[in-house]
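K.L.:
Read off the chains here:
2 protein chains.
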Amino acid sequence: MKDINIGILGCGIVGTGVAKLLMENHELLKSRIGTGLNLKYVADLDTHTPRGITFKEGVFISDAEQVLNDPDIDIVVELIGGKTIAQTFTLKALENKKHVVTANKALIASHGNELVKTATANGVEYAFEASCGGCMPVVKSIRESLVGNRIESFTGILNGTCNYILTKISKEGCPFGDALKEAQAKGYAEADPFLDVEGHDSAHKLAILAALAYGMEINLGDIHVEGISNITPMDIEFAREFGYCIKLLAISKNEDDTVEARVHPAMIPLDNPLAHVDKAMNAITIDGDASGQTMLYGAGAGMMPTASAVLSDIADIARNIISGCGQRVPILSYPGDNIKKIAVKPVSDINTGYYIRLAALDQPGVLSRVSGILAEYGISIKSVHQKGRRANGTVPIVMTTHIAREKDVQDALAKISNLDSIPEKSIIIRIEDKLNDQ
Amino acid sequence: MKDINIGILGCGIVGTGVAKLLMENHELLKSRIGTGLNLKYVADLDTHTPRGITFKEGVFISDAEQVLNDPDIDIVVELIGGKTIAQTFTLKALENKKHVVTANKALIASHGNELVKTATANGVEYAFEASCGGCMPVVKSIRESLVGNRIESFTGILNGTCNYILTKISKEGCPFGDALKEAQAKGYAEADPFLDVEGHDSAHKLAILAALAYGMEINLGDIHVEGISNITPMDIEFAREFGYCIKLLAISKNEDDTVEARVHPAMIPLDNPLAHVDKAMNAITIDGDASGQTMLYGAGAGMMPTASAVLSDIADIARNIISGCGQRVPILSYPGDNIKKIAVKPVSDINTGYYIRLAALDQPGVLSRVSGILAEYGISIKSVHQKGRRANGTVPIVMTTHIAREKDVQDALAKISNLDSIPEKSIIIRIEDKLNDQ
Chain A
1 MKDINIGILG CGIVGTGVAK LLMENHELLK SRIGTGLNLK YVADLDTHTP
51 RGITFKEGVF ISDAEQVLND PDIDIVVELI GGKTIAQTFT LKALENKKHV
101 VTANKALIAS HGNELVKTAT ANGVEYAFEA SCGGCMPVVK SIRESLVGNR
151 IESFTGILNG TCNYILTKIS KEGCPFGDAL KEAQAKGYAE ADPFLDVEGH
201 DSAHKLAILA ALAYGMEINL GDIHVEGISN ITPMDIEFAR EFGYCIKLLA
251 ISKNEDDTVE ARVHPAMIPL DNPLAHVDKA MNAITIDGDA SGQTMLYGAG
301 AGMMPTASAV LSDIADIARN IISGCGQRVP ILSYPGDNIK KIAVKPVSDI
351 NTGYYIRLAA LDQPGVLSRV SGILAEYGIS IKSVHQKGRR ANGTVPIVMT
401 THIAREKDVQ DALAKISNLD SIPEKSIIIR IEDKLNDQ
Chain B
1 MKDINIGILG CGIVGTGVAK LLMENHELLK SRIGTGLNLK YVADLDTHTP
51 RGITFKEGVF ISDAEQVLND PDIDIVVELI GGKTIAQTFT LKALENKKHV
101 VTANKALIAS HGNELVKTAT ANGVEYAFEA SCGGCMPVVK SIRESLVGNR
151 IESFTGILNG TCNYILTKIS KEGCPFGDAL KEAQAKGYAE ADPFLDVEGH
201 DSAHKLAILA ALAYGMEINL GDIHVEGISN ITPMDIEFAR EFGYCIKLLA
251 ISKNEDDTVE ARVHPAMIPL DNPLAHVDKA MNAITIDGDA SGQTMLYGAG
301 AGMMPTASAV LSDIADIARN IISGCGQRVP ILSYPGDNIK KIAVKPVSDI
351 NTGYYIRLAA LDQPGVLSRV SGILAEYGIS IKSVHQKGRR ANGTVPIVMT
401 THIAREKDVQ DALAKISNLD SIPEKSIIIR IEDKLNDQ
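Protein sequences, first through last, are from chains A and B. So the first sequence is numbered by the UniProt record's numbering: it starts at 1 and just counts up by one. So the second sequence is numbered by the UniProt record's numbering: it starts at 1 and just counts up by one.
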């Protein structure tokens, strides 16, 4: 069997990692797969900045077209990122009947349905284990390991930047801005942290995983997204008092093809396995009708962990090539004809528990008026804590509710915000707690 | 494509679960795989006890030979367990060129090398995801997801019975015997709990996973095994004071083909992700040179979680059949020619931290004599705690050590046990703590 020829597009952090791994573990990979994985090209506009790798003559090039048009290239690894040139190159590679491996969650979440169709039509793979959760084998687990299950729900900590920041606020009580600055200084957050801290990166991953889990088209547009920039040390402290921690979660449920998919900070009880996932680590719990709950945990980003996931896709494709089978597992978990277009339930229709923090003037009767409004909307209060008293100012009133409908909570809060005795904006954080009402 | 025909041997708990799952999720599986998985036979000597399933006419039979000899059967699912008739049937199925799926860790750990050779020679699969860790996708993760990694070590909680018992002792302070009785009453432990509580079930899984991870033959004989029957509430309580919990671990390391593999109770720090794996749950951390540490977590046993794992193997084989590729991934992770025969390092040669509890007469000079003996063997004491005083009796002296060689610790303890002032047998528990010496 001749070697499998690989061309990498984009030699940034992950591209460099994949090149290193292919070279350093070449013999290991060959001894397991039975054929050499030959790194024929690494293409990047910048071929001058040192990457700490010694490429063989002719490998490190600046022209991506050379990779896309070389008939010897079997697998193109797209690690450019973004949705512009990466999309063009991916399409061209697929049309040239080259398998494509990528970590590009933004591109898949936005244009995955068409790219998957193009790949299928051309008889090649479009593989993206590295797009969701770094080295955690979440794509493979949903597509293959849990294939016998009706997947009922999954909940993930899918963004290491946010988890690092929340861990830091939680452990040190520092405000969001300081925690973000440290995350940037340590390389856990990008200079422009918008996609991460506002939850969009998690939403990209959620859109991909929901499609795989439920046999639906990728549907990023319908996903409700909130980030963590409003999370305060005070709310984290109150959460702890109630036996919860706060995580940015990507949450998805499927009951009879009514799909929930949302990204937001949430309180989870400390005995939830996700509660102990700290710093920049990622994890996901997946609930199947047969498996019960399983969890995967690992580095969600970083050069070598992401490269490890890219390699798992490369090896899978190499094994398909060697054993002569194409498209052995449907790219989106289900064959195209069996993929449904499913609208995601609007967030106003979800039912969950709520933590509500009001800044109230310290006057008699405030609690009575607030609880009256909640009752009017059918919201059942689980606990109320009035935290200290302050003269001529506001005091925090913290409440938790039993399971309530989001729209009722939002409407009640709008009415509460009109009260003279509630001068500041109220904070709500959803509580994800299966035992919430017991 | 015609349906894939499946015959189950053994209709106990897991066999019943697999039959149920194949029937209840038949349409789901067909929509994902593209072909029906037809349950043609379920063979068990006892066809009279109700299983809560309505089989079609002719499916539930008492003659296993009918399954093994039916030319239409593609996949035989061996769920008989044990090493006698299960081995005979497995061999016959493989020789009849039927793929075999199993959950039988005892058989694989003991006779897996030969069974894998037989399967390979006959061009069929021998698949055993369900043998290790129930629904956790650990076999697939090592064989496929981490294929690009040099796996450096893994540590697993692989026996739900032991983990349930240790959790119970830890939370309620009850003695081992009471915890075992409750585990039996709740169905978490078998009437004869020997294989579970003495660590042999964990050792079976460890032998299988070490082979997959390191490209070595399955080597059960060399694995050092200790169970949990000597663990007392007192030691768990001391562990907690030092910031540890006690788990029955299957531990394996590979440094340049020097392999450690051992099963024993160990103290792990509370910030180790395995420390929060409670009750009957299983988990495994795997350290790869690229991936860093990943963890899998899930139900390690039970009817439907195990059935979920069996289904993942059945689906993989069905996909191979449909796409016309045989033996796409080597059964033991590496092709036969690349599998090494590696001796496991004797436990006397390992280096780790130790917790030592001595029952000492409450006399002056005991500690001096004990620490003198430890010093003589080059063992460095990290902390000493003398817990309370008791007149005319023994008091516990609890010590932790820095990293030491097992043989030195055992020799020192033998010498200590000869002291008149140490009238009772000393307890040692290994401390698995990467930060132990910092």
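One or more hints might be untrue.
Copies of the same chain are indistinguishable here, so a pair counts whether it falls within one copy or spans any two.
Below 30 angstroms or equal to it, Euclidean Cα-Cα: the simulated DSSO-like pairs (lysine-lysine) are [to be verified]:
(1) LYS425 / LYS341
(2) LYS387 / LYS345
(3) LYS171 / LYS279
(4) LYS253 / LYS279
(5) LYS83 / LYS415
(6) LYS20 / LYS30
(7) LYS341 / LYS279
(8) LYS83 / LYS171
(9) LYS186 / LYS407
(10) LYS181 / LYS340
(11) LYS56 / LYS341
(12) LYS253 / LYS30
(13) LYS186 / LYS425
Keep in mind that the hints were calculated from the coordinates and are not lab data.
K.L.:
When Cα atoms must be at most 30 angstroms apart, do LYS387 and LYS345 count as within-copy, between-copy, both, or neither?
P.N.:
Answer is neither; intra-copy 36 angstroms and inter-copy 59 angstroms both fail.
K.L.:
Between copies, within a copy, both or neither: which fits LYS56 and LYS341 at Cα up to 30 angstroms?
P.N.:
neither (47 angstroms within a copy, 35 angstroms between copies)
K.L.:
Can you give me the call for LYS253 and LYS279, within, between, both or neither, at a CA distance of at most 30 angstroms?
P.N.:
both (26 angstroms within a copy, 26 angstroms between copies)
K.L.:
Since the copies are identical, ignore which copy is meant and state whether LYS171 and LYS279 lie within 30 angstroms (CA to CA) inside a copy, between copies, both or neither.
P.N.:
both (10 angstroms within a copy, 28 angstroms between copies)
K.L.:
At most 30 angstroms between C-alpha atoms: does LYS83 with LYS171 qualify within a copy, between copies, both, or neither?
P.N.:
Neither, since 36 angstroms and 52 angstroms both go past 30 angstroms.
K.L.:
At most 30 angstroms between CA atoms: does that hold for LYS83 and LYS415 within a copy, between copies, both, or neither?
P.N.:
For LYS83 and LYS415, the Cα distance exceeds 30 angstroms both inside one copy (42 angstroms) and across copies (70 angstroms).
K.L.:
Between LYS181 and LYS340, at a C-alpha cutoff of 30 angstroms, which is it: within one copy, between copies, both, or neither?
P.N.:
neither (42 angstroms within a copy, 50 angstroms between copies)
K.L.:
Could you place LYS186 and LYS407 in one of the four classes (within, between, both, neither) given a Cα distance threshold of 30 angstroms?
P.N.:
Answer is neither; intra-copy 40 angstroms and inter-copy 43 angstroms both fail.
K.L.:
For the identical chains here, do LYS186 and LYS425 meet the 30 angstroms Cα criterion within one copy, between copies, both, or neither?
P.N.:
neither (33 angstroms within a copy, 50 angstroms between copies)
K.L.:
From the Cα coordinates, with 30 angstroms as the cut-off, is the pair LYS253 and LYS30 best called within, between, both, or neither?
P.N.:
Classified as between; 22 angstroms across copies, 41 angstroms inside a copy.
K.L.:
With 30 angstroms as the alpha-carbon cut-off, assign the pair LYS20 and LYS30 to within, between, both or neither.
P.N.:
For LYS20 and LYS30, the Cα distance is within 30 angstroms only inside one copy (15 angstroms; across copies 40 angstroms).
K.L.:
Taking 30 angstroms as the upper bound on the Cα-Cα distance, should LYS341 and LYS279 be classified as within, between, both, or neither?
P.N.:
neither (36 angstroms within a copy, 40 angstroms between copies)
In the structure shown, a violation is registered for the earlier hints numbered 1, 2, 5, 7, 8, 9, 10, 11 and 13, in ascending order.
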